[in-house]
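Student: These are the residues of each chain, in order.
Protein chains: 2
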Amino acid sequence: MNLQFFMPTRIIMGEDCILKNADALYKLGKKALIVTGSKSAKINGSFSDVTNTLDVNGQEYAVFDKVMANPTIDCVYEGAAYAKKENADFIIAIGGGSPMDAAKAIALLACQDIPRENLFSGEYEAKVLPMAFIPTTAGTGSEVTQYSILTNDAARTKTTLAAPFLFPDVSFLDSKYMEALSKVTTINTAIDALSHSVESFLSVRSNTLTEVLALESIGIIVKQLENLKNFTLTREDRSQLLYASTLGGMVIAHTGTTAVHSMGYSLTYFKAIDHGRANGLLLTEFMKLVEKLRPDKIKTLLVKMGYTSLLELESIIFELLGDTESITVEELESYSDIAIKAKNIPNGIVAPTREELLNIYRAVFKV
Amino acid sequence: MNLQFFMPTRIIMGEDCILKNADALYKLGKKALIVTGSKSAKINGSFSDVTNTLDVNGQEYAVFDKVMANPTIDCVYEGAAYAKKENADFIIAIGGGSPMDAAKAIALLACQDIPRENLFSGEYEAKVLPMAFIPTTAGTGSEVTQYSILTNDAARTKTTLAAPFLFPDVSFLDSKYMEALSKVTTINTAIDALSHSVESFLSVRSNTLTEVLALESIGIIVKQLENLKNFTLTREDRSQLLYASTLGGMVIAHTGTTAVHSMGYSLTYFKAIDHGRANGLLLTEFMKLVEKLRPDKIKTLLVKMGYTSLLELESIIFELLGDTESITVEELESYSDIAIKAKNIPNGIVAPTREELLNIYRAVFKV
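Line by line, the protein sequences are chains A and B.
The numbering used here applies: residue 1 is where the first sequence begins, and numbers increase by one.
The numbering used here applies: residue 1001 is where the second sequence begins, and numbers increase by one.
Hints in this document: simulated from the structure, not taken from any laboratory.
Here the structure is a predicted model, which means the values were calculated and not measured.
The beta carbon of each residue, even a glycine, is placed where N, CA and C say it ideally should be.
Hints are not guaranteed to be accurate.
Short, incomplete list of chain A residues facing chain B, as computed with Cβ under 10 Å [as the list claims (entries may be wrong)]:
(1) N2
(2) M7
(3) I338
Modelling step: build the complete structure from the supplied sequences, incorporating the hints.
Tutor: See the structure below:
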């Protein structure tokens, strides 16, 4: 048996967990830079929970609330410059995947000067500001990964910055922050989490332990699909989805993702299709391809889901996601050319060819 | 849902994993103190794998091979003095629970002066030498916990030193080191691991995530009980047991143990009964007590084990452990007086009274 496991982030989950665990923030530093988006953290209560806790602790803070969806390289350099200007000695990220991913790069760039051309090289010191993360969506899993995924205009896709010291020190999981989410965002993020756990399970790097966690995550999310459809989610349902998405993060931290993510990045980059939705659109077609060569793995997933065939999963996912976008074959050809170069492709137990990628795209978008 | 999870130790499992991951030792320091027992590490190949790797890395080392079974406070102070004398800047523990538990205290005491009377107080700085652990039995789980359990003559029992910075930095799991173990040691350590996972599951601090891992561990160990009986263990079987015991460590790192451990410590302290065997002797009687108040939890365990009643588990455990020792009622009375004071008692979802502890002891030893 071969296995590696490393997940150094302290996870604290529960209602009002930030306020109840103020010491976990206290020990991180004297002045925080709060990295977030422009609005949602202030609406859902997470921002005030953080600032109230910092006030109680007597810790100062500055706010960088300029993180957009699919954050850019400019954005993280701007955030890092602001962290230095404000003498912040730790980072608090609040938000969905975008603020959390940006915050990791900011925590890194605030500590050392890395030229833009080296940002994705991994060639830098193991020096980073301490980080506390507060997810306000249940999808990305970024609160427990070493990945910072940034929009890379040079490569016309999203590129991953990864280093073992980019794991947050602590993550606070409180599902009350998700109650303000719209139905569409709730669905897209849940499907993103499902995709993480399924892709991890179908990765060449999956191991006994990540498979246990991935299957647990998958079982929980599939149980919530009907609630998602009806949008009748109790706080406990929201907690279940948050827990499952964090498990999804834990497993992709070990295994990475697969062709689904590689292909999805183009849909997001060129068509502004939400990241979770993009994964959801592509997921079952990729699973059908895997099923041809590794029916055993797909069978295990279906048993855990309580389905007898992939068509059942496909049916409920597309019911949740609604009509697909209009994309031309020429566009899909060019996306396939980009996706085939991604590292995630050979990371799947089945590594699609460029033609197979195109076929998946065409099947999804019916062209 | 409330949940906390923190397991910062990097786990590297696989054949020859030390040699293949020499960099994971390299980054820990310049000179190691190897903490081990007098013999087994040299016989089972782990000692030479470590020293060969250090040689390749150009790292120096000194050896402290005086750790006895159930290590004493004297032993860890002596080890720490030796670490200082040798200017060791990191610790490598090789062995079963005793060297690993001693190594954590040595790593702590080598960094700061702690008077003996404060050793179990927790009142010290978060300063400790980096640690790499190599278990050579599959039972204790110490390679992934923050616990150092020492023989405490003042309290006439074993006492736990615990701190979040006592997690090893890295643990190497290679089941080839277990092939030299006798049948008795293999059984006792496997039953110790089973007890950890069962006790964690029956702890007030268990949570959704620790329960998933505990059940996984339990399922694996129970599948190996027949192989243990016949002592027909392949290397893969040994790997399964090692993996399961590490999972057991991961879960007790979060939940602690229960009355089983409190009671077992007296059997070890006064009667020199092996730690794992002591837990095994007591485990099913404790589970019977829990079953009266929380049949749901025992049912979940039995389903995972594939048994219909606790008697089936009891039967195979006692078949493995053989005849029980002779202990008088008076002795058991005094053990009950000691055990009832332990912190582990109220840590179970059922906290036995002093009389119930005595009844468990009496049922086990048939007096």
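Student: Now tell me, hint by hint, if it's right for this structure.
Tutor: Results for each hint:
1. N2: Given a least distance of 4 Å, the restraint on N2(A) holds.
2. M7: Hint on M7(A): holds, closest Cβ of chain B at ~6 Å, below 10 Å.
3. I338: violated, 33 Å
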